[in-house]
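Got chain A; can you put chain B on it based on the hints?
Chains A and B, in that order, give the protein sequences.
As numbered in this note's numbering, residues 1 to 178 make up the first sequence, in order.
As numbered in this note's numbering, residues 1001 to 1302 make up the second sequence, in order.
Just so you know, these hints were derived from the structure itself, not from any lab.
Here the structure is a predicted model, which means the values were calculated and not measured.
Please note that the accuracy of each hint is not assured.
With a Cα cut of at most 20 Å, we get these calculated SDA-like pairs of lysine to any residue [what the hints assert, rightly or not]:
hint, chain 1, residue 1, chain 2, residue 2
1, A, LYS145, B, ARG1200
2, A, LYS80, B, LEU1276
3, A, LYS145, A, ASN167
4, B, LYS1218, A, ALA133
5, A, LYS145, B, SER1257
6, A, LYS145, B, PHE1283
7, A, LYS120, A, ARG160
8, A, LYS164, B, LEU1276
9, A, LYS164, B, GLY1285
10, A, LYS154, A, LEU119
11, A, LYS164, B, PRO1235
12, B, LYS1234, A, ASN161
13, A, LYS145, B, SER1259
14, B, LYS1218, A, LEU85
15, B, LYS1218, A, GLU82
16, A, LYS80, B, ASN1222
17, A, LYS80, B, PHE1283
18, A, LYS164, B, SER1068
19, A, LYS164, B, ILE1279
20, B, LYS1234, A, PRO87
21, A, LYS164, B, ARG1286
22, B, LYS1218, A, GLU77
23, B, LYS1234, B, ASP1281
24, A, LYS164, B, LYS1136
25, A, LYS80, B, VAL1108
26, A, LYS145, B, GLN1069
27, A, LYS116, A, SER64
28, A, LYS164, B, PHE1283
29, A, LYS164, B, SER1257
30, A, LYS164, B, LYS1218
31, B, LYS1136, B, ASN1105
32, A, LYS164, B, THR1255
33, B, LYS1218, A, GLU81
34, A, LYS164, B, ASP1278
35, B, LYS1234, B, PRO1220
36, A, LYS80, A, PRO92
37, A, LYS80, B, ALA1275
38, A, LYS164, B, GLU1280
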Amino acid sequence: MKKMIYLTVSVLLIAAGVSWLEREPLATKVRIRTPEKFKLQRQAQEVPPQGSAPPKETFRIQESELREFRRLLPLQEELKEEVRLNPHQTPPALLLFAGRLGELMDLAEENSSDRKIFLKELEDCALDENAAATARALCVSNAEKLGHASLRWKIPPFIRNLVKQKNNMLINKYDTEH
Amino acid sequence: MLRGQVFILLLLSLLFLLACGKDNDDKSSEQRQEGQGGVVFDTELSEREATALSESISTISDLPIDGSQIRRFAEVFGGNSSSHVAVFFDERVNYALSASTELENRLVITSTFIFSPTNAETLASNPSLPLWYFAKINEPSIVGVLINNEQIPVDSSRIGLIQVGEIYPRLDSIQQATTLVHEARHSDCTGGALASDLDRYRNGELPINNLCGHLHVKCPENHPYENEYACDEKPWGAYVIGAMYAVAVSQTCSTCSGSQRTTAEAMALDSLSRALYDIEDLFNGRFGPPDMSSSNAVKEVR
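Pulled out of the complex, with its shape left as it was, chain A reads as follows:
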């Protein structure tokens, strides 16, 4: 029975489709709108001519990306509200922030100019007293991966302890505090 229904519908569609296709096509303008979303853009590296001055510093992390990163830094109240709605799981705002941080870390680890810029952002994040504690801990941890070893001493003990606890789960990265 179902197959009969499919057959009937298909025949009707065929008839409609054929007559539609045989009409004169209308000129249409199709406008594709690129959705606004966070994108990582890469500048083309300049290749200097042989024997010339050292290449200029190239930055792959764009200012717009850094603004987006700052915007995504969650506040403590924001995470608390998300935890109130769902106490048991990692707050979505923290996950979103972490994802963006990871993308920028990939660039920062490959390029010294980006590393310098992004380290500044991570430092600002770590020292932001309004930001969520776990987000600040994430910033400290990733700043240390980029070589900023002293940031830990500028943050509250709770956040410092979080980073230490995470590191102490690793066998090769036993974390000692003075």
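Positioned in the frame of chain A, the structure of chain B alone reads:
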């Protein structure tokens, strides 16, 4: 005319596919019932939920991590590789339910006790322990859960039911996998249950023995999540177990992107922030080795 002919051809192909599609739908429905990695998928799971679960379970077993870099990883998961995490998960999770499933309607003995429904913000939950408590207070009657028309007896907390939340399919597989590992720990009634907790359950009160089911407790004053039931009081609870897996992913996963590794790191930090005991003491053995067992025993409190 050529366009018309092409169109006819396409529709005829569609006709044949649809004619055969009923059998394929049956097969995919059966496959959905079969599930993934030993977990039976309930038929109420949507295609999207089933796909998400399949991917995350595959992630647990296939992700190239190295647990030897994490302290006590082998003691918790029985080994250092993803296959060991998969066994840990398999021992504790047997059935997967949809966010839209109302569990109380699946009970063979109905009750006025309402299980907390998953809300729009929930990733996943594990109702295995409250289900087992419910079964215990209804003894000598046997309580079962209907899954895919089969009555599954509830005879321990290791019945291993996981109910995905509405946002679960929207997460990436790393977040899903870490969530599943956390939830699996809730199937362990370590040390057995207290008879007094069964009485509390019967009266709609919270149990006092948090080791059975590794239940979360209220976070204390001045904690970032103050007053929320979002913390762990007892060692080797679900948050630390999940954190260990997340750290293994963030530090050792060789196929993960920077974004995935940092997300896993964030999950680890968030989980660690919810442990109300010293993590350093934990890994130094002050609270003893991790007890990954589960017991059906019910103890009297003297």
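Taking the hints in turn, this is what the structure says about them:
| no. | hint | result |
| --- | --- | --- |
| 1 | A:LYS145 - B:ARG1200 | violated, 49 Å |
| 2 | A:LYS80 - B:LEU1276 | holds, 17 Å |
| 3 | A:LYS145 - A:ASN167 | holds, 11 Å |
| 4 | B:LYS1218 - A:ALA133 | holds, 18 Å |
| 5 | A:LYS145 - B:SER1257 | holds, 16 Å |
| 6 | A:LYS145 - B:PHE1283 | violated, 23 Å |
| 7 | A:LYS120 - A:ARG160 | holds, 18 Å |
| 8 | A:LYS164 - B:LEU1276 | holds, 15 Å |
| 9 | A:LYS164 - B:GLY1285 | holds, 17 Å |
| 10 | A:LYS154 - A:LEU119 | holds, 15 Å |
| 11 | A:LYS164 - B:PRO1235 | holds, 18 Å |
| 12 | B:LYS1234 - A:ASN161 | holds, 19 Å |
| 13 | A:LYS145 - B:SER1259 | holds, 15 Å |
| 14 | B:LYS1218 - A:LEU85 | holds, 14 Å |
| 15 | B:LYS1218 - A:GLU82 | holds, 16 Å |
| 16 | A:LYS80 - B:ASN1222 | holds, 12 Å |
| 17 | A:LYS80 - B:PHE1283 | violated, 28 Å |
| 18 | A:LYS164 - B:SER1068 | holds, 19 Å |
| 19 | A:LYS164 - B:ILE1279 | holds, 9 Å |
| 20 | B:LYS1234 - A:PRO87 | holds, 17 Å |
| 21 | A:LYS164 - B:ARG1286 | holds, 18 Å |
| 22 | B:LYS1218 - A:GLU77 | holds, 17 Å |
| 23 | B:LYS1234 - B:ASP1281 | holds, 13 Å |
| 24 | A:LYS164 - B:LYS1136 | violated, 43 Å |
| 25 | A:LYS80 - B:VAL1108 | violated, 38 Å |
| 26 | A:LYS145 - B:GLN1069 | holds, 17 Å |
| 27 | A:LYS116 - A:SER64 | holds, 17 Å |
| 28 | A:LYS164 - B:PHE1283 | holds, 13 Å |
| 29 | A:LYS164 - B:SER1257 | violated, 24 Å |
| 30 | A:LYS164 - B:LYS1218 | violated, 24 Å |
| 31 | B:LYS1136 - B:ASN1105 | holds, 18 Å |
| 32 | A:LYS164 - B:THR1255 | violated, 26 Å |
| 33 | B:LYS1218 - A:GLU81 | holds, 15 Å |
| 34 | A:LYS164 - B:ASP1278 | holds, 11 Å |
| 35 | B:LYS1234 - B:PRO1220 | holds, 14 Å |
| 36 | A:LYS80 - A:PRO92 | holds, 11 Å |
| 37 | A:LYS80 - B:ALA1275 | holds, 16 Å |
| 38 | A:LYS164 - B:GLU1280 | holds, 9 Å |
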